[in-house]
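Participant: Chain by chain, the residues:
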Amino acid sequence: MTSGQTRQPAALLTVEHLTMRFGGLVAVDDISFTADDRRITAIIGPNGAGKTTVFNCLTGFYKPTVGRLTLQHPSQGPMLLEQMEGFRIPQRAGVARTFQNIRLFGAMSVLENLIVAQHNRLMRASWLSIGGLLGFSRYRRAEREAVDLARYWLDKVGLLERADWQASSLPYGDQRRLEIARAMCTRPVLLCLDEPAAGLNPRESAGLNTLLLSIRDDHQIGILLIEHDMSVVMQISEHIVVLDYGRKIAEGVPAAVRSDPAVIKAYLGEEEGEELPPEVAQDLAHDGTGGR
Amino acid sequence: MSTAAPIATAAPAPAKAPPPAVPPARHPLLAPLREAAVAALVALAVAVPLVGFETVQGASGLVLRTRWSWVAIAVVSVFIGRLLLALLRPVRRQPRARKDAGPAARAFRDAARWLGPIAILLALALPLLPFADRYILDVSILVLTYIMLGWGLNIVVGLAGLLDLGYVAFYAVGAYSYGLLALNFDLSFWMCLPLAGMFAATFGMLLGFPVLRLRGDYLAIVTLGFGEMIRVILINWYKLTNGPNGLSGIPRPSFFGLPFATTPAGGGETFSSFFGIAYSPLHRVIFLYYLILVLALLTNLFTLRIRKLPVGRAWEGLREDEIACRSLGINPTNTKLTAFAIGAMFAGFAGSFFATRQGFVSPESFSFIESAIILAIVVLGGMGSQVGVVVAAIVLIGGPELVRQLEDFRMLAFGGLMVLIMIWRPRGLLAFRDPTIRLGPRRTAAPTGEHRG
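Residue numbers (my numbering), protein chains in the order written: chain A, 3 to 294; chain B, 23 to 475.
There is no bait here: all hints are sound.
List of simulated lysine to aspartate or glutamate pairs, DMTMM-like, C-alpha gap at most 20 Å:
no., chain 1, residue 1, chain 2, residue 2
1, A, Lys65, B, Glu344
2, B, Lys330, B, Asp456
3, A, Lys158, A, Asp176
4, A, Lys65, A, Glu84
5, A, Lys65, A, Asp32
6, B, Lys330, A, Glu145
7, A, Lys158, A, Asp220
8, B, Lys330, A, Asp150
9, B, Lys330, A, Glu147
10, B, Lys261, B, Asp208
11, A, Lys158, A, Asp219
12, B, Lys330, B, Asp343
Think of the hints as simulated: they come from the structure by calculation, not from any bench.
Make the full structure from the sequences, and use the hints.
Facilitator: And the structure:
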């Protein structure tokens, strides 16, 4: 909350009426929220609440059934993510992501992972590799720059010593940090992290907090975060969106969300014993309010 | 091995003493014997129909003959082999508990640095060596052709991770492109070579567009189908390809315009008269040898270079994790297409060399077994390993030549060898990967594989 005194954080990502259906299953149901520039926004919710589905829609792995996803790119103006082809979202719009189950290039070295992340920049510099094939100096310079950026991020996540290791031979926590470094090497404007603290011990988790805050403050980008680990969520996020059964049930600053009865109910269940199965109760509630 | 182990351990001790208060002292030979007996039984079941019967041309048609002694030999040898394997297993267990880069492979990797140049020098000097007769050179040319094909396919399978079972289709396109261009338009080899490569690459793209959305097994099946399609088209498009009769009379290569002949056809100079040496039919073979050597080395050089370029790294990324590649803004379709097209291009080059060497091409030469052999070279060599391809090509192509006297059992030995390689080195002969870029110096660069978790 302390960041961005220089200019008021503006909406970086605006999600409007996002709905994703898989056949008859509504995984995400009419969700709207905004994620601000230079701020950490967290999406939380019980298992199966649709958090990762929201991410997959944002990063082009799913085409949303309904909804508009607008990214206010700082230099290139507004972009409609739902209309872009999957790989163009990181390429053009600058949305980078990590995965719940880590997806590194296992057989390649740590450094190579970070160089592959700079593919598009290097492709331009090497004229689709043809210039590089002929040994043009322009490509060599670009590659040096790429290595410099990689070295910066390796230093930042504490993997500089292990740069030449095979990625799959890293310990779990290192793999998580490497994936974040790799996403950052694409020079994103919005970083989407899918459960970055999963499987980390408390010390590593605290280190992650420092890293994310530094990414936000030093690199002035927005971070969107899915997380179960409340120590991460409550300490570093400025804005929290709570999902349950594909719907947004609460939104606000951490303190407000923590005391929201709907959130407590979603996480801990109702105080009195429920006679109705949750799906039925949900349907009834839906009918009662006439749909949200 | 792993299939047999549970049988041995799970097998209850023969019912001798009912109360198992003290575990029955099993004879140490019992489990191995039982295992060997099971293997011998399987061998018997296989050998009776395959080896036991033989049809012989008799006076009145085919006569069925039995060869029970052969069956007995097969069963006994399997029994003894299995028994020995089972007895030796405890001794062999320890060294097998290792990661993919074993000490032997690592030693080889270090050796590869100076082995590569030596191998190239040796290859360059081969035709000048005293024992290099026509036969040796012919076999070497064959091996080099497969090395080149293996290197080409290595781009598609080893680097980009796209399982292509129809690689020979591009080889065929190259060979026929060369044959047709040379026969119909009277173009020289050096004109046809790039054109044939371009045609093959175009075919690679045409095939790639629809099928590269598929992954893994599905891609393999479609490419298999495409390989067969090309062969069937070659057989049936009679007007263009002369059908199953093939194209004959394809011009033999000339030394940059100087034909290899005793007397010049049109009164010009020949290779031997130009250089003032006696004519020898070996000249052409030596020229062909150097031609394929240069083409193969070109393929290798290209691959080594492209691995260090964005496209090459993207290929490897795609092999490792396509979804991660997409999340980094890499266009998967284009990247795969380039791999497919470039792999096809090298097959096209090799194909036009094949056509000029044979002087004759027919659809027969491009059957599925060719694709399978090329793929076997890549897989046995170790996916993505350039040196591995060379070793595997020498073993798989040169090996059967060495054991020609085995006649009918040649393919059996071939199959057995492949099984042995897969048992001994399941990830290929030389399965290791050097990073394409390093931060630290080479030697101190550390463990790739040992420090897990």
